[in-house]
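4 protein chains.
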Amino acid sequence: MASNTFGELFRLTTFGESHGPAVGGIIDGCPAGLAVDKQRIQYELNRRKPGQSRFTTPRKESDEIQLLSGVFEGHTTGTPIAFSIVNKNQNPKDYSHLKDTYRPSHADYTYEKKYGRRDYRGGGRSSARETIARVVGGVFGRLVLDRFNTVIQAYVSSIGDVSLDKSYNELDLSTVESNFVRCPDTPTAEKMMNHIDEVKEMGDTLGGVITCVIKNPPLALGEPVFDKFHADLAKAVMSINAVKGFEYGSGFSAAKMRGTQHNDRFYVEDDKLRTQTNYSGGIQGGITNGEDIYFNVAFKPIATLMQKQKSVSRDGTDVSIEGKGRHDVTVIPRAVPIVEAMSSLVLTDHLLRQKAHDLL
Amino acid sequence: MASNTFGELFRLTTFGESHGPAVGGIIDGCPAGLAVDKQRIQYELNRRKPGQSRFTTPRKESDEIQLLSGVFEGHTTGTPIAFSIVNKNQNPKDYSHLKDTYRPSHADYTYEKKYGRRDYRGGGRSSARETIARVVGGVFGRLVLDRFNTVIQAYVSSIGDVSLDKSYNELDLSTVESNFVRCPDTPTAEKMMNHIDEVKEMGDTLGGVITCVIKNPPLALGEPVFDKFHADLAKAVMSINAVKGFEYGSGFSAAKMRGTQHNDRFYVEDDKLRTQTNYSGGIQGGITNGEDIYFNVAFKPIATLMQKQKSVSRDGTDVSIEGKGRHDVTVIPRAVPIVEAMSSLVLTDHLLRQKAHDLL
Amino acid sequence: MASNTFGELFRLTTFGESHGPAVGGIIDGCPAGLAVDKQRIQYELNRRKPGQSRFTTPRKESDEIQLLSGVFEGHTTGTPIAFSIVNKNQNPKDYSHLKDTYRPSHADYTYEKKYGRRDYRGGGRSSARETIARVVGGVFGRLVLDRFNTVIQAYVSSIGDVSLDKSYNELDLSTVESNFVRCPDTPTAEKMMNHIDEVKEMGDTLGGVITCVIKNPPLALGEPVFDKFHADLAKAVMSINAVKGFEYGSGFSAAKMRGTQHNDRFYVEDDKLRTQTNYSGGIQGGITNGEDIYFNVAFKPIATLMQKQKSVSRDGTDVSIEGKGRHDVTVIPRAVPIVEAMSSLVLTDHLLRQKAHDLL
Amino acid sequence: MASNTFGELFRLTTFGESHGPAVGGIIDGCPAGLAVDKQRIQYELNRRKPGQSRFTTPRKESDEIQLLSGVFEGHTTGTPIAFSIVNKNQNPKDYSHLKDTYRPSHADYTYEKKYGRRDYRGGGRSSARETIARVVGGVFGRLVLDRFNTVIQAYVSSIGDVSLDKSYNELDLSTVESNFVRCPDTPTAEKMMNHIDEVKEMGDTLGGVITCVIKNPPLALGEPVFDKFHADLAKAVMSINAVKGFEYGSGFSAAKMRGTQHNDRFYVEDDKLRTQTNYSGGIQGGITNGEDIYFNVAFKPIATLMQKQKSVSRDGTDVSIEGKGRHDVTVIPRAVPIVEAMSSLVLTDHLLRQKAHDLL
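Here the protein sequences line up with chains A, B, C and D, keeping their order. Heads up: the first sequence begins at 146 in my numbering, then just goes up one per residue. Heads up: the second sequence begins at 146 in my numbering, then just goes up one per residue. Heads up: the third sequence begins at 146 in my numbering, then just goes up one per residue. Heads up: the fourth sequence begins at 146 in my numbering, then just goes up one per residue.
Read the hints as simulated data drawn from the structure, not as lab findings. Check before you lean on any hint, since a few could be wrong.
With a Cα cut of at most 25 Å, we get these calculated BS3-like pairs of lysine-lysine [as the list claims (entries may be wrong)]:
#, chain 1, residue 1, chain 2, residue 2
1, C, Lys500, A, Lys258
2, D, Lys345, D, Lys453
3, B, Lys336, A, Lys417
Chain A on its own, in the form it takes in the complex (with noise of 0.2 Å):
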């Protein structure tokens, strides 16, 4: 059956389509007594708001969340908070051109194959405005993680041919927020955006990779066997609309590695066991060892484009079809929110899991 439920212990569970009555969730499971701050909810959702920049599709969504439940006073009561996001933005006309149509590299066919019939109308459940769920709940999430210093923070690390030669620690994540694209290195930021502006004249789409690191994770999470926090975090990541690929630590360089290179060596500082290099991204046997958490994300570029491509309709036709209204060249910067809120779910989830197994 359709899965709409992540996490075991610390769960959220979404709805909607992009040209339904709404878009929202419940998060179950969220502890008692958070102080719930509406403003940081409201600045998440405009991180990931179409319409932020010259790079981003102009369509003025005003998303606003409504709490429907499970906060009192202010806080959260331990009971399940849902929330709500109306879409004012309905056209269904808009659409009536990809009723019989499959768009090449879209769920069309495949939502049409597994459900016998689908909402047509900008992709329905396939839209990536589901993912407005997810930021909210990553928000309640990081309630949470406040309170043990836990810190996440994403960045656009390529987009196309433009890619950043710096690692994480040689940047200011601090200057995420600074560019358009969400770059923390602003030659590199530049680059990309003269990148955007050329593409976007071609009609053309761009992918690319954004890079997230989680600082002062908390020590021991991680479920082994099957559950090992990477094993989640992969999950949670290649879940995300268009993510083609996921890494973390030393990644998809370690294959070409020797042992004498890629083993982190223990230190001790201030009494407490650290390694020299962390090739291993925090993470050891699956199980965080409380270094630095970072990992790559790569992304596909957008299916839609602004100029004519050939399809077929669910009666084998041939059909010509194109992009209408204004949309994106990229998805990238705007996904940096999304990245982090369901890194923030899977710390969180696990936090809680390892809590009730600490119970000694």
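Based on these hints, arrange chains B, C and D on the given structure of chain A.
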């Protein structure tokens, strides 16, 4: 809590430490009426067994399976299938030197922090010996997949510096078992073997990449928005020891492609919708579209070295450790059946999930 | 963690406090292609609504459902179905007297101990208003069950001292809705209504028993050894507020029977195996055998009384409390659709689970 | 799919047919650091063993447990604890007469309809032999509960026509093991034993009721709205073979009580909130309030009779069957440790769930 169960409807729960009495598991939810082929189980167990070649450890492990339940008159009965493989080579004394020492880039330190204690003999639960149960589970999955003519085949596409520069459809995958490194290209296989020999001399170890191909997968598998087919696949293989990265279809290379290049154009063949290219890797919107599924899995080099390494003990003292007995230079060839097994579990579980869904 | 999700494959997640903005839920895993009948939902919501008669509270609650997702062009799409019912009668001031006081045999004290705080307005999450979402979920289940001609019908078989002394197959269950107490036997119904009137005068409250019958249930539902059909049914109805006991088939009377009396002898009717008696209640070994399923559910009397009661406040001081506004003497008649709804959820979930299983 | 796993965080997965190679299970999520007492496991296994007295079957089953994993140096390690008990008395020929016959009120017919085939030897998976694994799981739960001084004690409160007419707090529960029927009241126990003797002569069988008391339960266990403590308890005991009913606290008698009688008034004792009566059975709103938890479980009479019964075979032919070997007249005394075991699993699971929740 520790999670040693994988899958929702076709569920494998595993147990066992490397030097405890046995390893094994329970498969719950296996459909009734499947003819059980014990030789096929043994064949797959032999594929992952150490001591298959000069490149792998010569410890003799005779991993003979005992079926304890769920099979009657040669067929599955729908009740849980328990199995056990006795650990014959128990030499606990070999491991006393590890009692108080944390090996670099192993799970020693994190297990101890998580559980307050650990079975230090041969890595205990974190040993790769745990994967035996995965391989057995995978064979039962294949019994189901056989009915759909779905075939899973993995192979080694790189070891250390030597990479195979051909795509899976340029290779004859039936030759994978023809050499010790499980690389279906003789010249590359030779280079890999020489590379391993060299590195063995140096007492060092190697990582690598495994590519896995699923031919003729059932259509419509995958459960958006969180249990997308590739998300569950990512989690499945990331949970294998030493895995650092996962990518499917175009993978990380998608980040550098344009939408015009990356979109897979539809066409009709024999009344069936197909795609001309397959950058999507057989999955669109998290649901299988019937095309081949293919993905890469990156492994780090083995952490146990046949040379002295510096580390620390529980009380923070500097110590020097060195692998005892004989250890592999690389696990990549032996990991091929494990990657296949995890793929089998994901496919079978999603097949049942889709079956439940397709009610009307 | 709090668990507000019911079901494995057909899953209902609920939210909402009695005096928060809304109550509602998400149904995940509902098969696609079902025609949604909003009037039927409203009909069931009206059945559980307060103010249906002189016996139930006259508070006007217009429980109007909003469908937020998962339905397109009048049919389910296979994606999550979210729904919300606004709480219109929010009078938070009415409840300030409960802020520091624990009502006897309510959840006030235990919620506060569990979560450290509570929404004291009208019972918050522990209010029976929560059951609205169960009723909605149950209707979607019935859309599936309709395809199998499975019919669920519950009725009131006792209220306080008045009991119906007929078995379900001596009654015309089509008359259940013909009186306010939902008892399909007019003389008994009259007695019940008089009994309620008497007890109302006294400011006291009544418990009772609901009997539920499932006609034409699908064969082979139930998942031994833990998820036996009746075990999941027991959990489902025991989770309804105020329920104290569950028995199916012969129930507690079986404890006094002999094997020779209790065994249901098989016979063949129209090439189908049937049983002459049905002490098994349609379930053998935890699996439905196709005969009628029937069970009884015992409810305690309402804890809120229209007379003074002694209790204690948070600081241990003795206090005196009395129900404000107008409250029911008994919930039994209104609980009939809730018992049916929970039965519907269990049946539908197990139907999908069996479908997944029946692969080959 | 078949579900042979019980619990969310403290999880028991069981396997085994009565005449297969072994029965056993895996406990996943058991906290690390518990001293394992094998004698205590054996003691509980002996309590459920057949052949304990003249009232139970004299088949000699030496149920000796083998621990396969998860225990190191006498303590749990936090990894899965697998265990196996070999089936020694395998006489498959004894059961050939059942191959094509469905016994009345057994699971023969329904298992065959569900799975398409069945292991007909001694009931296969539906045999009560399956409960061995529950008893083992329950002991591990008790190792956790010991830390909280929580004590579980069940006893037989009725067999056939003979009932104990005292409440649990009028009895000395330490005397439960002093007689074969596990009834802590000598005169009643004598009557029960005589009753059994009589019925045995007649080749007939008896049902009965078990009462279970949990003293000093942890406060605040239970997860509304669906996983209320008593709802999970109901499911747990209803999943035991032959159980037909469950009631807790006032149970079915609550249906006849008035609110003024039934409400449990609070008072303060040693700075702790207590209730003067305990009709709530230690649970309010689905959450434990610290008072004793008590409940009744009704069992049907054994379906296998030591006299001829009519039944039908697979092809619809009338057949006559009769129990072979020697069978129990009643399972009630032997079911006492099983009811305790299931209670232990529920308590421990909810303890861990509450622990996870109580984060801040």
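Structure-based check of all given hints:
Restraint check: the Cα-Cα separation between C:Lys500 and A:Lys258 comes to about 19 Å, which is no more than 25 Å; the hinted pair holds. For the proposed pair D:Lys345 and D:Lys453, the alpha carbon gap of about 14 Å is at most 25 Å, so the pair holds. A C-alpha spacing of about 44 Å is found between B:Lys336 and A:Lys417, which places the hinted pair above 25 Å, so the restraint is violated.
The structure fails to meet hint 3 from the earlier list, while all remaining hints are met.
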